[in-house]
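Visitor: Sequence:
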Amino acid sequence: MNKPMSQLSPALAARLSVPDGQNDQRRGGSDYSKLRGVIRTQKDQMQVLENENAHYKSRLHRIEDGHRLELARLKKEVEYHKRLRQGADQRSYELEDRLGRLQQQLQRQQQQHQEQQQQAAAASSSAPAPPSPPPHPPHHHPHHDEEKDGLIAQSQLLVAKNSELTTRCRLLESQVLQLEELKAALESELNQAYCERDELAGELERVLTRQHYRNLAAPVGGEGEAEEGEEGASSNGVSSPADSGGDGGSGTAVGGSTGGAASGGGAGDGSGGGGGGAECPADPAASH
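Numbering (UniProt numbering), first residue to last: 1 to 288.
The set of hints was computed from the structure by calculation and includes no laboratory data. Mixed in with the good hints there might be a few duds.
[Claimed, not checked] Mimicking DSSO-like on lysine-lysine, the simulated pairs with C-alpha atoms at most 30 angstroms apart in a straight line are:
1. K183 x K76
2. K75 x K57
3. K161 x K76
4. K183 x K82
5. K148 x K82
6. K57 x K183
7. K57 x K43
8. K148 x K161
9. K75 x K183
10. K57 x K34
11. K82 x K34
12. K161 x K75
Could you put together the complete structure from these sequences and hints?
Guide: Dropping the structure here:
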């Protein structure tokens with residue numbers, strides 16, 4: 001006949017009872033749930049960092065493409081301005097050469113005119129002649145003067161344009177330097193993101209390693225706690241079924257050797273031993 005749970009020994013009742021939340025917590029169930037939460041959090045953080053890394057990579061590629069195109073455009077513009085500057089320098093040299101030739105030609109014409117005047121004066125002084133008309137003023141060529149003024153104006157315009165192109169080339173070079181500095185800053189940010197990702201990956205690996213070691217050590221710890229519980233119950237005076245059966249057997253043997261009274265006492269001891277047992281029912285001989 002089965003006994004109610006209230007009449008069982010504490011050790012057997014603990015074995016037969018359904019494990020509650022405290023036992024799970026003692027065995028590490030809450031630690032496992034915490035570890036799972038930490039792992040999920042770390043995985044979410046890793047996913048967020050990978051997404052940020054991919055975003056920064058795509059952004060860096062776009063910026064590098066833009067910088068490459070901008071640098072190519074600026075280089076072409078610099079080459080174009082250099083060619084313009086060379087052309088302007090060549091044109092200014094040609095105009096200066098032409099201006100020098102015109103000045104030399106004008107000086108030769110003035111010298112020839114002075115020589116003609118001197119020859120005419122010498123001829124008039126050597127032979128009397130009718131009064132000559134007043135000497136003409138030196139002949140000026142308005143066409144040459146206009147051409148000279150135009151060349152001077154063109155030379156000044158070319159010099160101004162040359163200085164403007166020089167300033168613009170310097171501005172473009174400064175813009176190229178700024179773009180290179182921006183590229184270096186973006187590369188440093190990307191390297192920092194890589195370092196943070198590696199640190200988080202190492203932290204996640206350490207957490208997973210600790211969890212693995214805890215999972216390996218958890219069953220061994222549970223068995224040790226169960227054995228300690230059984231030893232504590234036996235030390236508190238709770239006998240096992242085998243021990244109670246042994247006591248009953250000894251009582252019966254003593255009763256057989258001493259006679260009827262002793263036999264009755266042995267039977268009583270055997271029944272008492274059977275009642276003290278946790279799993280075995282009462283002895284049939286003692287009940288009869």
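Visitor: Among the hints numbered above, which are violated by the structure, and what are their numbers in rising order?
Guide: 10, 11
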